[in-house]
Structures are given as C-alpha cells and as structure tokens.
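Trainee: When you get a sec, could you build the whole thing from the sequences and use the hints?
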Amino acid sequence: MKTEYTVGHGAGPTYAIEADRHGNYTIRLEGKVVKRVSALAQYLGKPRWGSKRLEEEAIRDAQRAIEGFRG
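Position 31 of the sequence shown, counting from 1, maps to 340 under the working numbering, and the rest follow consecutively.
Calculated from the structure, these hints are not laboratory results. One thing to keep in mind: the hints can contain errors.
[To be verified] Cβ pair distances, simulated, as ranges:
id, residue 1, residue 2, range
1, Glu-313, Lys-361, 29 to 39 Å
2, Gly-354, Met-310, 21 to 31 Å
3, Gly-317, Trp-358, 34 to 44 Å
4, Leu-349, Gly-319, 29 to 39 Å
5, Glu-366, Val-316, 14 to 24 Å
6, Glu-376, Met-310, 31 to 41 Å
7, His-318, Val-343, 12 to 22 Å
8, Ala-320, Leu-353, 38 to 48 Å
We put the CB at the ideal spot given by N, CA and C, even for glycine.
Mentor: Written as structure tokens, this is what we have:
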C-alpha cells in the first residue's frame, strides 16, 4: 500500500510511505529513501501471505518514525 503523510497538519514536508502485507515499509522524501525497515522473515504464527493488520501496523510505525525525525 502506498500512502502519504504530512508532518505538522499540512504545514510540514510530505513523506511517501510504502508498506506491504508482511510488515516491511519504506519512507521517502522527495523521491529519496529516508528509512527502510524489513520485518522478520519468519516467526511463530506469522501468516504465510501476510495480512492487512501487519500492513496497517507498518504504516503506523512509519508515521511514528517520521514524527521522530522532527524531534
């Protein structure tokens, strides 16, 4: 899933977030990769084909990371 996140309620820079159903995500600013996170390859109970929940959690993690860039 691809989405955008703007810092500061529309006043700050806009980051592009790309996440997949396995929990991996990439954050880009103006086309440049700012941060890339790979989820664990395997763990007990991990869905083989991924899940929407993992994708949503990856997006929330990316948003928290972006907020951390400002700090």
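Trainee: Taking the hints in turn, state whether each one holds.
Mentor: Do the hints match the structure? See the list:
{"no.": "1", "hint": "Glu-313 to Lys-361: 29 to 39 Å", "verdict": "violated, 19 Å"}
{"no.": "2", "hint": "Gly-354 to Met-310: 21 to 31 Å", "verdict": "holds, 22 Å"}
{"no.": "3", "hint": "Gly-317 to Trp-358: 34 to 44 Å", "verdict": "holds, 36 Å"}
{"no.": "4", "hint": "Leu-349 to Gly-319: 29 to 39 Å", "verdict": "holds, 35 Å"}
{"no.": "5", "hint": "Glu-366 to Val-316: 14 to 24 Å", "verdict": "holds, 20 Å"}
{"no.": "6", "hint": "Glu-376 to Met-310: 31 to 41 Å", "verdict": "violated, 19 Å"}
{"no.": "7", "hint": "His-318 to Val-343: 12 to 22 Å", "verdict": "holds, 20 Å"}
{"no.": "8", "hint": "Ala-320 to Leu-353: 38 to 48 Å", "verdict": "holds, 43 Å"}
Hints 1, 6, counting from the list given before, are not met by this structure.
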